[in-house]
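Protein chains: 2
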Amino acid sequence: MSALDPTQTLVELTMAICDIESVSSNEAKLADEIEQVLTTASHLSITRDGNAVVARTNLNRDTRVIIAGHIDTVPVADNLPSKLHHFEREQVIFGRGSVDMKGGIAVMLKLAVELQQPKFDVTWVFYDNEEVAADLNGLGRLSRNHPELLTGEFAVLCEPTSAMVEGGCNGTVRVEVRTVGVKAHSARPWMGKNAIHALAHSLKILNDYQPATITVDGLAYKESLSAVLVSGGIATNVIPDAAVLTVNYRFAPDKSAAEAIAHLEILFKGFEVVVTDQAEGAKPGLNLPVALDFIAAIGAEVRPKYGWTDVARFSAMGIPAVNYGPGDPSLAHADNENVPVGHLVDTEAGLRAWLSH
Amino acid sequence: MSALDPTQTLVELTMAICDIESVSSNEAKLADEIEQVLTTASHLSITRDGNAVVARTNLNRDTRVIIAGHIDTVPVADNLPSKLHHFEREQVIFGRGSVDMKGGIAVMLKLAVELQQPKFDVTWVFYDNEEVAADLNGLGRLSRNHPELLTGEFAVLCEPTSAMVEGGCNGTVRVEVRTVGVKAHSARPWMGKNAIHALAHSLKILNDYQPATITVDGLAYKESLSAVLVSGGIATNVIPDAAVLTVNYRFAPDKSAAEAIAHLEILFKGFEVVVTDQAEGAKPGLNLPVALDFIAAIGAEVRPKYGWTDVARFSAMGIPAVNYGPGDPSLAHADNENVPVGHLVDTEAGLRAWLSH
Numbered sequence: 001m002s003a004l005d006p007t008q009t010l011v012e013l014t015m016a017i018c019d020i021e022s023v024s025s026n027e028a029k030l031a032d033e034i035e036q037v038l039t040t041a042s043h044l045s046i047t048r049d050g051n052a053v054v055a056r057t058n059l060n061r062d063t064r065v066i067i068a069g070h071i072d073t074v075p076v077a078d079n080l081p082s083k084l085h086h087f088e089r090e091q092v093i094f095g096r097g098s099v100d101m102k103g104g105i106a107v108m109l110k111l112a113v114e115l116q117q118p119k120f121d122v123t124w125v126f127y128d129n130e131e132v133a134a135d136l137n138g139l140g141r142l143s144r145n146h147p148e149l150l151t152g153e154f155a156v157l158c159e160p161t162s163a164m165v166e167g168g169c170n171g172t173v174r175v176e177v178r179t180v181g182v183k184a185h186s187a188r189p190w191m192g193k194n195a196i197h198a199l200a201h202s203l204k205i206l207n208d209y210q211p212a213t214i215t216v217d218g219l220a221y222k223e224s225l226s227a228v229l230v231s232g233g234i235a236t237n238v239i240p241d242a243a244v245l246t247v248n249y250r251f252a253p254d255k256s257a258a259e260a261i262a263h264l265e266i267l268f269k270g271f272e273v274v275v276t277d278q279a280e281g282a283k284p285g286l287n288l289p290v291a292l293d294f295i296a297a298i299g300a301e302v303r304p305k306y307g308w309t310d311v312a313r314f315s316a317m318g319i320p321a322v323n324y325g326p327g328d329p330s331l332a333h334a335d336n337e338n339v340p341v342g343h344l345v346d347t348e349a350g351l352r353a354w355l356s357h
Numbered sequence: 001m002s003a004l005d006p007t008q009t010l011v012e013l014t015m016a017i018c019d020i021e022s023v024s025s026n027e028a029k030l031a032d033e034i035e036q037v038l039t040t041a042s043h044l045s046i047t048r049d050g051n052a053v054v055a056r057t058n059l060n061r062d063t064r065v066i067i068a069g070h071i072d073t074v075p076v077a078d079n080l081p082s083k084l085h086h087f088e089r090e091q092v093i094f095g096r097g098s099v100d101m102k103g104g105i106a107v108m109l110k111l112a113v114e115l116q117q118p119k120f121d122v123t124w125v126f127y128d129n130e131e132v133a134a135d136l137n138g139l140g141r142l143s144r145n146h147p148e149l150l151t152g153e154f155a156v157l158c159e160p161t162s163a164m165v166e167g168g169c170n171g172t173v174r175v176e177v178r179t180v181g182v183k184a185h186s187a188r189p190w191m192g193k194n195a196i197h198a199l200a201h202s203l204k205i206l207n208d209y210q211p212a213t214i215t216v217d218g219l220a221y222k223e224s225l226s227a228v229l230v231s232g233g234i235a236t237n238v239i240p241d242a243a244v245l246t247v248n249y250r251f252a253p254d255k256s257a258a259e260a261i262a263h264l265e266i267l268f269k270g271f272e273v274v275v276t277d278q279a280e281g282a283k284p285g286l287n288l289p290v291a292l293d294f295i296a297a298i299g300a301e302v303r304p305k306y307g308w309t310d311v312a313r314f315s316a317m318g319i320p321a322v323n324y325g326p327g328d329p330s331l332a333h334a335d336n337e338n339v340p341v342g343h344l345v346d347t348e349a350g351l352r353a354w355l356s357h
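So the sequences go chain by chain: A and B.
For the first sequence, my numbering gives the first residue as 1, with consecutive numbering after it.
For the second sequence, my numbering gives the first residue as 1, with consecutive numbering after it.
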């Protein structure tokens, strides 16, 4: 007998899923339970890969969409079992994973079982290890082991967005802006060359920089350019011969990481610029008919996503993707993580309307 | 029988002193030998304090001068016993301490014994622990234990100066210039405030600063203001909420450390400025008759001293002081430390002329 029962209410199902602990790399029990529930639905064909479970309808629809969510959480912080709180105006579920993202998993599981004749063919993806190093990511592993399962014209990731639609995501590049000097005793600095003083112009560039806001597929992506680390100097009596400013550029998905790096190299001309990290952005693809249909059906506000999420993995596979799920993302990973029941109801209704109408 | 014999040549005496190892805190044997030699001179009264030896003439001269040097060295680097090298134009003694400052100690020891009727009363000070933490310094200890021994109108410290006269010394102050921001995710920097960006103006201040050259008692002291350390940031995806720039101000001895700090507080107005280190400078006192007499007798070039030395201790006692000794100071502490015999001869002749004429 499974602990999960899709005939339960969405609140009961969310709490039951929260209460099966599944900190990254310990998702086996929850994956087993999800697989068992999905197997009861004869309209789904199931594939298990590690602790990821993929359930597909095969209705020969013209269009296939992917709806995905990760089943792992960050470590529990004495915030399980989950609790339902009643406030004056709303009910809220407290507990690890309620926001990130077992509320979304509950919505997905309920709809996967109940929607026997969705408007599109649907590939439901429940995957592991999203909260840890990128090379462990279950969605990435699925795309390597079973690329044939991850095909579709549009993807929805049920990450928390406060039940709004967040399209695509900005890319990110980190570079070290390095300066070189000549060591000397600080009593006689004119014998050397000060590498920290030479950083001044790079900080001026950052302060003078006017980050662009770029509209891609109808969404306005706000870019940013920030120093995140600075270091330099050896001792308090030595003129420093090296200094490093680490800069993070968050760039709109109209450009590639390579183009973002070229932009930084021009901006910091005269400095040594060393790339230490890069990740492509993702276009929301909201100009496609399937996406426009999704937005019309959901009826929710559409915003750009600034943080990097797994929508970029879909984007890299050539599949436009959006985030749409219950919970305030700023409460993800918080000890007081909690999801309003209203978000659960709204997103379940939104996805149901889209897949049914 | 002492290993040291002041009737030896200056070269022999310097090498003998170098060959008695006396790394800081292990000066006992050398102090014993020096005390034994000085005790043979009936015109001197001797005081021993730890591993410091003070020898004074008591001739009731109108003027008393102090001639001082430290007997400790930095650790030996396989550069003992000392060796005499003959080059085409000059002889050079290689070995630990030859420059810093056993060449000067040899000159002092020879003159202390030989000059039975110096023009001034002379207090010869041979002290320990100059190369280590300031609170261990033998000259400082003598000034606490025997202030009556450290009186005089003028002091010469036989630190290496390439046989030139280096007067007084710049003071030094270190401050941390601190900025404060507000943490945020670097994907949404507009939610925070970047403390590294806020350092830009402090670096502009440093680059725009025109350090003064200030003439004190006839010597031109070149000031300087340098960043020596910079740090800031927590992680590559977080807008930093704190950054620290450590600045070293080397200031001319026309001003006190307190005045130097006040200058920095005005210069970096708007920043938090925290003093981490300060040491007073020392005026050369070269306008005094006894100093003018010294310079005339020595006949050597007179320059300001930029590095901080124990002349500042004399200055703090109200005694003007200069550095004058054999050896190139840039070779002090070097593995190939070596002193030209010409410097030994010149400084011995210079001091002899001053104390005799």
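If you're looking for bench data, these hints aren't it; they were derived computationally from the structure.
Hints should not be assumed to be uniformly reliable.
Put simply, identical chains are the same to the list, so a pair is met inside one copy or across any two.
[Said to hold, decoys possible] When the alpha-carbon atoms are kept at most 20 Å apart in a straight line, the in silico EDC-like pairs for lysine to aspartate or glutamate are as follows:
| hint | residue 1 | residue 2 |
| --- | --- | --- |
| 1 | Lys-269 | Asp-78 |
| 2 | Lys-222 | Glu-21 |
| 3 | Lys-222 | Glu-131 |
| 4 | Lys-204 | Asp-5 |
| 5 | Lys-204 | Glu-153 |
| 6 | Lys-269 | Asp-254 |
| 7 | Lys-119 | Asp-5 |
| 8 | Lys-222 | Asp-62 |
| 9 | Lys-83 | Glu-21 |
| 10 | Lys-183 | Asp-335 |
| 11 | Lys-83 | Glu-259 |
| 12 | Lys-193 | Glu-131 |
| 13 | Lys-269 | Asp-49 |
| 14 | Lys-204 | Asp-217 |
| 15 | Lys-183 | Asp-254 |
| 16 | Lys-193 | Asp-208 |
Because the structure is a prediction, the values reported are computed rather than measured.
We went through each hint and held it up to the structure:
{"no.": "1", "hint": "Lys-269 to Asp-78", "in the structure": "neither (50 Å within a copy, 47 Å between copies)"}
{"no.": "2", "hint": "Lys-222 to Glu-21", "in the structure": "neither (37 Å within a copy, 68 Å between copies)"}
{"no.": "3", "hint": "Lys-222 to Glu-131", "in the structure": "neither (25 Å within a copy, 57 Å between copies)"}
{"no.": "4", "hint": "Lys-204 to Asp-5", "in the structure": "neither (59 Å within a copy, 65 Å between copies)"}
{"no.": "5", "hint": "Lys-204 to Glu-153", "in the structure": "neither (44 Å within a copy, 53 Å between copies)"}
{"no.": "6", "hint": "Lys-269 to Asp-254", "in the structure": "neither (23 Å within a copy, 43 Å between copies)"}
{"no.": "7", "hint": "Lys-119 to Asp-5", "in the structure": "neither (24 Å within a copy, 108 Å between copies)"}
{"no.": "8", "hint": "Lys-222 to Asp-62", "in the structure": "neither (35 Å within a copy, 81 Å between copies)"}
{"no.": "9", "hint": "Lys-83 to Glu-21", "in the structure": "within (14 Å within a copy, 75 Å between copies)"}
{"no.": "10", "hint": "Lys-183 to Asp-335", "in the structure": "between (48 Å within a copy, 19 Å between copies)"}
{"no.": "11", "hint": "Lys-83 to Glu-259", "in the structure": "neither (48 Å within a copy, 63 Å between copies)"}
{"no.": "12", "hint": "Lys-193 to Glu-131", "in the structure": "neither (45 Å within a copy, 27 Å between copies)"}
{"no.": "13", "hint": "Lys-269 to Asp-49", "in the structure": "neither (47 Å within a copy, 62 Å between copies)"}
{"no.": "14", "hint": "Lys-204 to Asp-217", "in the structure": "neither (33 Å within a copy, 41 Å between copies)"}
{"no.": "15", "hint": "Lys-183 to Asp-254", "in the structure": "neither (43 Å within a copy, 28 Å between copies)"}
{"no.": "16", "hint": "Lys-193 to Asp-208", "in the structure": "between (25 Å within a copy, 15 Å between copies)"}
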